[in-house]
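*Asks:* According to the UniProt record's numbering, the sequence shown holds residues 1 to 197 in order.
One should not assume that every hint holds.
[Claimed, not checked] If you anchor each label on the Cβ, the simulated ranges turn out as follows:
#1 Pro120 with Pro24: 25 to 31 Å
#2 Asp166 with Leu81: 35 to 41 Å
#3 Leu81 with Glu191: 37 to 43 Å
#4 Pro37 with Met185: 52 to 58 Å
[Claimed, not checked] Straight-line alpha carbon distances no greater than 30 Å define the calculated DSS-like cross-link-like pairs of lysine-lysine that follow:
#5 Lys41 with Lys89
#6 Lys49 with Lys91
#7 Lys136 with Lys183
#8 Lys183 with Lys91
#9 Lys137 with Lys183
#10 Lys49 with Lys183
#11 Lys183 with Lys194
#12 Lys89 with Lys49
Worth flagging that the hints you see were computed from the coordinates, not collected in a lab. Each residue gets a CB set at the ideal place from its N, CA and C atoms; glycine is no exception.
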Amino acid sequence: AQTAEDARKLLALSITELQWATQPGGGGTQVVGTFTPAVQKSVEDAALKQNLTTLHNRVNELGVSEPILQQQGSDRIVVELPGVQDTAKAKDIIGRTATLEARLADPINTHPNPNDPVPPGEELFTQGNQAPVLLKKDVIFTGDRIIDASAGFDDHQRPSVNIRLDSAGGRSVRAVSRENIGKPMAMVLFEKGKGEV
1 AQTAEDARKL LALSITELQW ATQPGGGGTQ VVGTFTPAVQ KSVEDAALKQ
51 NLTTLHNRVN ELGVSEPILQ QQGSDRIVVE LPGVQDTAKA KDIIGRTATL
101 EARLADPINT HPNPNDPVPP GEELFTQGNQ APVLLKKDVI FTGDRIIDAS
151 AGFDDHQRPS VNIRLDSAGG RSVRAVSREN IGKPMAMVLF EKGKGEV
């Protein structure tokens, strides 16, 4: 128990974004971290801002001259589209769902030239910083295999997203990982037929 308390204190000093506590579990004592209220609010605010931006971009596709997008509380966004006649089209565009795919990255050609031919079995995408990246066409799993996702930190204390997959998704990752140890994997978000890593 004292070792767990010492670990809790050390973690509290080094990872201040989380509140650390000890609790019984696993035949001993576990150290558990949860986001501080300030970090939790920051994550929620960022998600809401991202949703507003996504909705604004989708509403722009409709060509509405003065759309109104307003945040109501911490979990609601109101969209008003004055003059829109085709409500079915508006609902389709606003409610469109992006798709997510996991793929292996090309472990050799890590900085491809976008003007060069794309190797067979691969596709060229752009990362968030617009850098080109080559990914295998084979999909390891899709977003519908994700049961849960949460923010966390990797082994180097960098922010990460931890995902939990259903059994079929887990089997796919296990099979691919077994044959590709140490090779990078990427998540591709598709919206309007365009993929971004």
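*Asks:* All hints, please: hold or fail.
*Replies:* Hints versus structure:
Between Pro120 and Pro24 the Cβ separation comes to about 55 Å, which falls outside the hinted range of 25 to 31 Å. Judged by the Cβ atoms, the range 35 to 41 Å given for Asp166 and Leu81 holds: they are separated by roughly 37 Å. Between Leu81 and Glu191 the C-beta distance comes to about 20 Å, which lies outside the given range of 37 to 43 Å. Checking the proposed 52 to 58 Å range against Pro37 and Met185 shows it is violated: the Cβ atoms sit about 33 Å from each other.
Straight-line distance between C-alpha atoms of Lys41 and Lys89 comes to about 34 Å, which puts the hinted pair past the 30 Å bound. Annotation: proposed proximity of Lys49 to Lys91 holds, straight-line Cα distance about 20 Å (limit 30 Å). Under the criterion of a C-alpha separation no larger than 30 Å, the hint pairing Lys136 with Lys183 is consistent with the structure, at around 12 Å. Taking the CA atoms of Lys183 and Lys91, the gap is near 41 Å; set against the 30 Å cutoff, the hint is violated.
This hinted pair checks out: Lys137 and Lys183 have alpha carbons roughly 15 Å apart, not beyond 30 Å. Proximity of Lys49 to Lys183 is assessed by CA-CA distance (about 33 Å); at most 30 Å being required, the pair is judged violated. Using a Cα cut-off of 30 Å, the hinted pair Lys183 and Lys194 holds, with the two alpha carbons roughly 24 Å apart. Simply put, Lys89 and Lys49 have alpha-carbon atoms about 24 Å apart, close enough for the 30 Å limit, and the pair holds.
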